[in-house]
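Asks: What follows is each chain in one-letter form.
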Amino acid sequence: MKVYSGNFLKDVITRLLEEGYRVYAPVKEGNYHVFRVVKSADETDFDYINTKKSPKEVTFPENEILIKYGEWVEELPEQPDRLAIVGIRPCDVKGIRLMDRVFLEDITDPYYEAKRKNLLIIGYACNQAGDYCFCSSVGIKPYSSEGVDILVTNLNGRQIVEVVSDAGKELAANFELTDASAEDIEAKKELEKKVMESFTRKVDTENLEERMKRAFDSDYWKEVATNCISCGTCTYLCPTCFCFDIFDDGELKGVRIRAWDSCQFPLHTLESSSHNPRPEKWQRLRNRFYDKFYYMLVRKGELYCVGCGRCSAACPVGIDIAEVIDNVPSEVE
Amino acid sequence: MSEVINEPMKNPYLPYKAEIVEIRDEVKGIRPIKTFKIKLIGRERFDYQSGQGCLVSVFGRGESWFTIANSPTRPDLEFSILKTGKVTTKLHEMEVGDVVGIRGPLGRGFPLDEWKGMNIVTIGGGIGQTPLRSIYQYVIDNEKDYGDLTIIYGARTSRDLCYKDELMELIEQGYNVELSIDNPEPDWPYFVGFVPDNLKRIKPDPKDTIAITCGPPIMIKITLGVLKDLGFKEDQIYTTLERRMKCGIGKCGKCKLESVYVCRDGPVFRYDELSALLEKA
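Those protein sequences? They're chains A and B, same order as listed. Heads up, the first sequence is in the working numbering, so the first residue is 2 and it goes up one at a time. Heads up, the second sequence is in the working numbering, so the first residue is 13 and it goes up one at a time.
Calculated from the structure, these hints are not laboratory results. There may be inaccurate statements among the hints.
[Said to hold, decoys possible] Below, a list of computed lysine to aspartate or glutamate pairs in the DMTMM-like style, where the Cα atoms sit at most 25 Å apart:
1) 156/B <-> 172/B
2) 215/B <-> 246/B
3) 98/B <-> 246/A
4) 22/B <-> 75/A
5) 29/B <-> 246/A
6) 40/B <-> 126/B
7) 95/B <-> 250/A
8) 22/B <-> 46/A
9) 214/A <-> 284/B
10) 292/B <-> 281/A
11) 69/A <-> 284/B
12) 22/B <-> 281/A
13) 189/A <-> 46/A
Just chain B, with the same shape it has in the complex (with noise of 0.2 Å):
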């Protein structure tokens, strides 16, 4: 009898042992989102692009998919879950030192190389904003590289923002940051309404731009159009796609979008690339 590799690098099914270094509160109620710190233990972490995911591994729970919520050019993994199902219950009860397994960085990132001069605008809505996090982070740590920066991001109520902190401050240093909630609240100084009706008040310039988008599903379709109407080609337009997911290496065909497997080829994916297939995302 012989051995499966026992070899995370080599046993694609094989997590890295990880622990929590850090847990931040983003959202409360009954639908929390927090965001998880995490340490590869003994080794280095691995490089990664912005937009990839890993699947974070409760053992006796199983694996969950999330898009890593850092750019690479910060310390250590971090992750923004929200707390909806076995696996999301079980991290929400863990504590700081606790071990989880990581598997990753799996699929293809966000072409920040190939963005380089471009101005870049990110649309993001309720914990979609995930993804463009990662990227505005590495912007913003390559802002040499990049033209201008805008973050657009809502959720329905002030409470749903993640990363308020965070994004408070890039407002204090300067940073063009246009946030929105759905309906009024007391005290609420920026935008209400939709976050594709702040962009169409916004009305970001098409030109040397890239547009990034990323959210529930009819916040991307509207926003889609609405990019349209401003004049975005659908090669200007990025999005990251969200799939039931298990193997994450693109073999067990559960992500699998038309011909394209979401956790392999994606979940970054350009418009075009979408509309060129038969199935519709």
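If we strip away everything but chain A, and leave its shape as in the complex, we get (with noise of 0.2 Å):
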């Protein structure tokens, strides 16, 4: 454990600039922060508990060239050498994390990979829980340095910088990093403390596959999906929502694209021959639930929700995922 003594995450954008890399990191738009490519640290500000948008866009474009066509393949898109983010939160390194096991494990995604592969992660601590998060009651410490190649923590106003992987070691090396006192171990402990008793919100995961597996025949779900507009705002700010859809744009000379998409719309399992697997409402909202917290646990092995509480704080008739599966009912009719 190290301490800084300037303002590291602005200082460490200046110098990965400087490097020539391309660096994400959050920026106050209005009355919230989000993740943008920035030129300078002058334009970045850390003073936020978590950004609107997942930051999944940084290996998972929302829109993405995957071939540009004339009669035939014409070119392929190039993909950035060095990449980083910066000020990113543990829950949305998870995310990451369970993105890569979408598209790295079994086929590798090319393009996926390519962003990956060289991105850089600087990790920031969270020293108070937000309104909708519940990333402890999912498996994450707000405090988490997994994933990350440096983990820094605002300590009294001071930063504590954690370098973890050999990439951060060597971007480290750039910078003057003092030990950090016995004192200053102790009050981080202190600050971990803190935080996670900060969390108002906690969603019951005890059980869970089997009470996800009994319910799903409820009508419990067609009463979540009364209000939902299938508006699909919950997928498109998740960091581990990962469909998408392929299209072509132009006729004779063009682009194929990738774009996100979401379960939650009926076109998404449209078939061509009008059949449509989930074409109620109610149904397609099960399915998201069910993807997080069954699916892909059957799949993977873990639950596909960070906790972030995105959702949440933005579906606008207030379902509240925490809500949601903390109350699937253990006893189906």
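Each of the two chains sits in its own frame; use the hints to bring them together as a complex.
Replies: Printed below as a string of structure tokens:
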């Protein structure tokens, strides 16, 4: 554990930009923060609990050209050599790790891999849980250094720097870091305790797989879906929602694009025969909760929710993922 | 800046360049079906299993998934395509010599090796006959490895039957082909009624037999009931599922059924695999 006397997050951005990295960092826009590609550390603002949108677009852009074509394939898009994300919270780092399992396991997705293998992750530990946060309920510590190259913690106005990976070590070598004192270490432990106590939301994941299994045919899902308008805001903001569509733009010359899609949209699964496996709104809503809390658990052995609470915070009809999962009936009629 | 690999084997989104070498009309009218014979340009055809699919690509329109309609024991790749959307409409306008893209082989096919020594019954409806054709061609080409072959196939009218010439030839050669149409037509010498009713009439013996069914969802559902009544166990019954597909490699999530990616884990499933899922196919 090291201490940096200046603003490490901003100084690291300046350094990375000098080295030619494409840097994603939090920028304040109106009354919220969002990750943007920045050209200077001055654009950034680190006074946030979390960003409105998840940073999944760093490795999985909202719209991405797969192929440029004319009569046949003409060109494939170039991929950035050096990418960095600075200020990412531990829940979103977990989100990237869960995305890795989708895009890199089994058949490798080369577009994702090209960005992911060149991505440097500078994490930022949480000092306070947000109104909708429940990461501690899904096995994430809000100060975890898992999956980052460097983790930064704000401790009473000073920045504690934990160098985790070799790439992190290489980068940290450019900065004057001093060893943390015994008091600092103690103070950080206190802070970790404090942040764990700051959660106002908890989700009961005890026996969840079994509960989900039993509740599949319950009318509960119809009730939850009553007010849902299938807008897809939840999937758009979610750090682990990975569904995408592929389409061609341009008849004789153009681009084959992949773009984020949502299982909440009726067209997502509509077949050309006009058969739709999930024609009802409640089936699509149920699909989202089951994918995160059951299907992916069966497939990958992990919950595909990181407890960031973005979907709950932004849902226009107030559907709250923590509440929905907490209330999954254990006894089904 | 670096580039994504420009090689179809290594970039699974990149199609092989291929050429249409033959087009056959299967069904005419407002819902026409054509069979396209396609040859890869500049390379040998890849090996595949019956039941596997390909994404056929027309730049400017997109890609659509089709099950390969011929057996890997026969040359080239055949796809029987119903004109129904943007990609298929364009394909129906294409001619011999035109270029298309092929991504494949995709998914899991039928375990024909496991079925050696068994009797094979295929039960198809309409364009659902496509994967079954690949199976019966394979079984015919490896006749000594398998027991009896029964081909049960029906369509709404005699004009809607695919592969008519081929099936007539098989009948002449003495193969057990049981055809049906939904409603009576003059001079129709075979069964009149729905495919599951024909199956009920034929009553294949479940002993050492594998039944494979493919067709409209309602036909599959009723066929499954008939097969169970005949004494078939779920692990003797196979089907292939149809879903909307985009990536074809188990990433994009469109074809996801419960925890299963139909494009990657299927499209071929044994029935007990499907009945174990919470979400019904």
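Asks: Now tell me if each hint is right for this structure.
Replies: Hints, one by one, checked against the model:
no., hint, in the structure
1, 156/B <-> 172/B, "violated (32 Å)"
2, 215/B <-> 246/B, "holds (17 Å)"
3, 98/B <-> 246/A, "holds (15 Å)"
4, 22/B <-> 75/A, "holds (17 Å)"
5, 29/B <-> 246/A, "holds (22 Å)"
6, 40/B <-> 126/B, "violated (38 Å)"
7, 95/B <-> 250/A, "holds (21 Å)"
8, 22/B <-> 46/A, "violated (41 Å)"
9, 214/A <-> 284/B, "holds (18 Å)"
10, 292/B <-> 281/A, "holds (14 Å)"
11, 69/A <-> 284/B, "violated (43 Å)"
12, 22/B <-> 281/A, "violated (38 Å)"
13, 189/A <-> 46/A, "holds (23 Å)"
The structure fails hints 1, 6, 8, 11 and 12 (numbered hints given earlier, in ascending order).
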